[in-house]
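S.K.: What follows is each chain in one-letter form.
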Amino acid sequence: MPYGYNGKILHVDLTHAKLSVETPPESFYRTYMGGSAMGLYYILKEMPKGADALSPENVLTIMNSVVTGAAISGQSRVNVSARSPFTRGIGDSQSGGFFPAELKFAGFDGIVVKGSSPKPVYLWINNGAAELRDASHLTGKLTGEVDQVLKAELGDQKIEILQYGLSAEKGVLYSSMMSMANRNNGRTGMGLVAHSKNLKAIVVRGTNKPELADSKALSVVSKAGPKMLPDNPDMAGLAKYGTASVVLPQHSMGTLPTRNYSEGAFESAEDISGEKLYDVYLRGAADGKQDSKGRDTCYACIVRCKRVVELEGKYPVDPLYGGPEYETIGTFGSYCGVKDLPAVSRANQICNAYGVDSISCGATIAFAMECFEKGIITTEQTGGLELKFGDPDIMLEVLDQIVNASTPLGKLLGQGSERVAAVWGNGADECLITVKGQEAPAHMPQAKRSLGLIYAVNPFGADHQSSEHDWMIEDGIASDLYMSRLALLGMPERLPAMSLGPEKVKFAYLTEAFYSMLDSLELCQFVWGPGWTLYGPQETADMVNAVTGWDVTVDELVKVGERRIHLMRVFNAREGMNRNADKLPKKFYQALQGEGPTAGMSLTHEEIESALDEYYRLAEMTPNGVPTKGKLEKLDLAWAAELI
Amino acid sequence: MPIIRVPSLFKYYLEGQAEIRLTGRTVGEVLQVLVREFPKIQSHILDNNSQLRRHINLFVNSDNIRDLKNLETQVSEGDVIKIVPSVTGG
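Going down the list, the sequences are from chains A and B. Quick note on this note's numbering: the first sequence kicks off at 1 and runs consecutively. Quick note on this note's numbering: the second sequence kicks off at 645 and runs consecutively.
Please note: incorrect hints may appear among the correct ones.
In silico BS3-like links for lysine-lysine, alpha-carbon gap of 27 Å or less [to be verified]:
#, chain 1, residue 1, chain 2, residue 2
1, A, 227, B, 713
2, A, 586, A, 629
3, A, 45, A, 158
4, A, 388, A, 170
5, A, 631, A, 559
6, A, 506, B, 655
7, A, 45, A, 559
8, A, 339, B, 684
9, A, 240, B, 713
10, A, 141, A, 388
11, A, 141, A, 8
12, A, 583, A, 506
Since the hints were derived computationally from the structure, they do not count as laboratory data.
Start from the sequences and build out the full structure, keeping to the hints where you can.
M.R.: Dropping the structure here:
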């Protein structure tokens, strides 16, 4: 009997309505650990080359990991992967909450879904017993409504549900998977893939926690966390103000994307800050009780960084749909020039209620605003709307049209800005901030140079949670704690903030591998990481060993991360995506406008091309960014080499 | 005199300088001199009540002033006061 995990993967053939259970050996789990890496194994093995993302041939995987459900902060996360209809390459999404742990307790470490059902169904897993049930009655409902119906239907308020939302039914290309009506597996359109399979939801209930190898050792690692919290000012800020705590630092550093990434400082940053959210808009703020009423958490996590907003008035917000994270505040706030935090919170609710990626959605609206402001489009294309920056009502009106696909404008914007630009023409492509078709998140590579590289090479498009950011290793600034942790990855020296030379590329690659491992172990990157987080690399290895009884090292964990990166690039290479897809938008090479530390800054083609050369060399890929047989063999992935 | 050190991007507020020597016997006194000589930085490190902004960490050498005596922490020749915005993710 394994420790920490079930040793069971559920296979679902929706076309034939057949379920089966696989029991992979321990070596399989130790090689992939779970999450994204494990999902990729099945996707590459079972999805034929060239399969359309919305065809029955696409393979959708839902994976937790060997440590999910252990009694320690930041371990309850789930990966959903498949071929992305949005980026056309591999799709990858992560979220937290309680669903991941419940899936583990329900008896499975992951689910592999193939085919498609002739009618909507949901997968019901109850303490090891799995069946498909009719879900026709769940269509046309908001995520919160679906949760209510299923809990009543199954007579259990403690079930956890992962579902696609109404916007997937409307064909929005960046539709997501949602749990708890406020945890969003946001990126790359996994909700639309699930909809194409008619798999409306995965519903789980479990009471069987896997045995741990060494509970005492886990307790030692776990207890170190609360002790460190008061002394780690960055973590204390995250706990109290959520990810929104980074709005003001980003603004001060000139890396808060403003008016569709045209500027790096937002004059109204205070109005959309984490402090403002905490002081005024969190549930309970009026009575000074926001710490108890306005903060939420994931299974077993002490950090409590999630926001709960409850508002009445012009922009009502139901606390069921949570509160905005930093990215949502960025894309619906500063990207759109909107300074109204209630309106941004309302936008967050709509994204969660309908199941769309708030990053791509808000960024696409901001893109449309810039096109309108520049005269690239007129009211003819917008159905009469004046899409100006700074107007919260226009922002919400357009959002409503997108999630409901209720107008020609809404339907078009629901395809993402890159496809919109192709339709509008007239220079609209100059306003894009997409990589591999997906809109960039709210961390600007003009200021965080290594992100320029990571945004380009990340196999599923620009992603800010795929590596550490430059100021973590900044010369003269980086703390001894951060440096001691980065040294474990092979980065003992501080580096100039704005460099993108070989040493910075090495920093990018090594931290990318570590973050990639976190997305396979399904660990929260706000609790586990190589720098500012509660637990560092050694604690990560210690925790894995305490749960599983293994003797992993930090190096072994980094190798798991490299496996995931290389498997993703194998997938993309098989579909014809290599260096040709590792391209940044033109806008990143144009001088930023406005004021602040980054005004006038831009990336250069020379530095990015040079960084790409160095990255591929370091990763032992070809100069065209394709994984090599030699490296794949080193990573115990010889089977994947056969695919390209 | 103690030294104020800022991240690279904050040089914008200090006329291109990443390090400056300023007078003051405590961290608070040094900050007052800083914002007087470089007013552009004031709103980024102090709030409307002249209190240290919640997202700004100050270190004297390696120690967070919250572990010492906050703005009353004494500083002397050669001490480095680092201004570090909180760097969580999201």
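S.K.: Next step is simple, just say for each hint if it's right about the structure.
M.R.: Quick rundown of the hints versus the structure:
no.	hint	result
1	227(A) x 713(B)	holds, 21 Å
2	586(A) x 629(A)	violated, 33 Å
3	45(A) x 158(A)	violated, 35 Å
4	388(A) x 170(A)	holds, 26 Å
5	631(A) x 559(A)	holds, 11 Å
6	506(A) x 655(B)	holds, 26 Å
7	45(A) x 559(A)	holds, 20 Å
8	339(A) x 684(B)	holds, 22 Å
9	240(A) x 713(B)	holds, 22 Å
10	141(A) x 388(A)	violated, 31 Å
11	141(A) x 8(A)	violated, 32 Å
12	583(A) x 506(A)	holds, 19 Å
Checked against the numbered hints above, the structure violates hints 2, 3, 10 and 11; every other hint is satisfied.
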